[in-house]
Every structure is written in C-alpha cells, then in structure tokens.
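Chain order of the listed sequences is A and B. FYI, the numbering for the first sequence is 1 to 118, going by the numbering used here. FYI, the numbering for the second sequence is 1 to 156, going by the numbering used here.
Any given hint might turn out to be false.
[What the hints assert, rightly or not] Computed Cβ-Cβ distance ranges for the label pairs, DEER-style:
id, chain 1, residue 1, chain 2, residue 2, range
1, A, Ala45, B, Gln27, 50 to 60 Å
2, A, Glu92, B, Gly117, 41 to 51 Å
3, A, Glu92, B, Gly61, 20 to 30 Å
[Claimed, not checked] A short, non-exhaustive set of chain A residues, derived as facing chain B with CB atoms under 8 Å:
id, residue
4, Phe39
5, Gln55
6, Glu99
7, Leu102
I should point out that these hints are in silico values taken from the structure, not numbers from a laboratory. Cβ coordinates follow ideal geometry from the N, Cα and C atoms, glycine included.
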Amino acid sequence: MSPDRLSITFSALSDPTRRAILARLTSGEVSVTELAEPFKMSLPAVCKHLKVLEQAGLITRGREAQWRPCQLEAGPLKDAADWLEHYRRFWEQSFDRLEDYLGEVQGKAKRDGRDDGR
Amino acid sequence: MDATTGVDAQQREREITVTRLFDAPRQLVFQAWTEPDRVARWLGPPGFVIAYCTMDVRPGGAFRLCLRSPSGAEYWRQGVYREVVAPERLVYTFVWSDAAGKPHYETLVTVTFDERGDKTELTLHQSIFKSVAARDEHQGDWSKELQRFAEYLANN
Chain A
1 MSPDRLSITF SALSDPTRRA ILARLTSGEV SVTELAEPFK MSLPAVCKHL
51 KVLEQAGLIT RGREAQWRPC QLEAGPLKDA ADWLEHYRRF WEQSFDRLED
101 YLGEVQGKAK RDGRDDGR
Chain B
1 MDATTGVDAQ QREREITVTR LFDAPRQLVF QAWTEPDRVA RWLGPPGFVI
51 AYCTMDVRPG GAFRLCLRSP SGAEYWRQGV YREVVAPERL VYTFVWSDAA
101 GKPHYETLVT VTFDERGDKT ELTLHQSIFK SVAARDEHQG DWSKELQRFA
151 EYLANN
C-alpha cells in the first residue's frame, strides 16, 4: 500500500466514532439506521462518517439504494495494523546490520592500532 | 539520568520503541547514524542499498535518502533534524516521499545513545500518528483497537 493510501486510512481511523462504527461492523453487515442507533446521531451525521470510511476503503456499501448495508473491508485495516510491525521490522533488521558494521569497523581499528587496550 | 523516559505516556502509545545494546563506544554509534558513508553500510533490510543520501546534521538541516530494494524498487525518505546533541541524542522528522520530493506521511524519530560501560544502548522511538493526531486532536489508545481489528480479520 502506498504511503498516501495509508495516510488516508490513518486519518479515517483517527476519529472515535468511526472506530466504533468499524467495531460494530466486525459482527457483520449492518444497515445505516442500525448503525446510527447506539451513537444517538442523526442519519446525515452517520452518513458523513460512512462516506469517510468508504473513501478510505475501510468499508463497502451495498448497491440497493434503500438499505445499503455496510460491510467491513479487511485490506486497509490489516495494512494499517501491519504498518507498526513493518517499521519495527525495518529497524530491527537495520540494527542487525549496524551491529555487524560496528563489529567490522572496530575489528579494523584494532588491527590498525594494535595497542588500544580495552 | 534516563533520556528514554522523556516521552509522555500518551505519546508512547502511538510510538514504536526499539532498543538495542551495541558493543561499541557511543561516539562511533553516533557517527554511524550521522555520516552518510557509514549510514549506507547498515540502514535498511538485508540486500537493500542506499542509492542516494545527503545529510545536513544540524538543527533545521535536512536529509534525503533513497533505499533501493534487491528487485530495484526505490523508496525515498526525507526529513529535517529538530535536535542534534552529539553524541547523545537525535530528533528528526521522517517523511516518505516520492522521487520528485513530494512528501507523504510524517513521523517523528527520536534516537538516544546511552553509555553502558564501554557499550552503547540505543533507543529509537518513532511516533507514527503524529500529524494525524495533531490535526484531529483525538486521544485514545487506538493502536490496541487496531490490533484487535487485525486479530479479528485474521480469524475471519
């Protein structure tokens, strides 16, 4: 996933109501009316959140104009969760190489200047 | 004195922290982070090479580098140094960018170099959601929520 895409996902996830909507959707398809209920929100307000989630690719909505059930999309969420781990792995791998590099240059330094005591 | 505790708890939840004890003096470890010739020797996963690297290591100075994967894909990174306290601490922004230099998502990296006898403990914090969080001012430990989603998705 491109950084741009990821930034859209994170932006969409930064709102607690939208996260709550996603959490609700983990139990399956839900209609907009059902979604609005626990949040004591107007339908247009909920629709606004849904639009953000839909644009971020986090949900998809059914085609039928009236009930248009919302469904969770796995891809971007997974990528976002993976991102933390990707960075950690990036640094862990870099640190392994740094360890080797430091060992190597110090080995050289010791050969060059034989009398450096530790 | 513990430089690694200088991060508030709320911020920490949006960060990854990686710590490693290196069998090398602090000055050398610091140089390995701040001299392009040395950085090129270790930054990135195995098999990646630094295809381009400029670093102006002083507060307000910029760096830009290109990591090339074994398959030839290029990943550009750039940032600006916020704090440079040789050989103890580096703070810099870390931004993905495309080849034209157009910045994407911003993170903040803090690296501390602590002396442990003749070894050096390096601690890296990377705050991941900084720009989004700063813009929306939403708090809460949602990286854990995210993890739960990921678990849910893995099981479905």
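Against the structure, the hints:
| no. | hint | result |
| --- | --- | --- |
| 1 | A/Ala45 to B/Gln27: 50 to 60 Å | 57 Å, holds |
| 2 | A/Glu92 to B/Gly117: 41 to 51 Å | 23 Å, violated |
| 3 | A/Glu92 to B/Gly61: 20 to 30 Å | 27 Å, holds |
| 4 | Phe39 | 16 Å, violated |
| 5 | Gln55 | 15 Å, violated |
| 6 | Glu99 | 6 Å, holds |
| 7 | Leu102 | 4 Å, holds |
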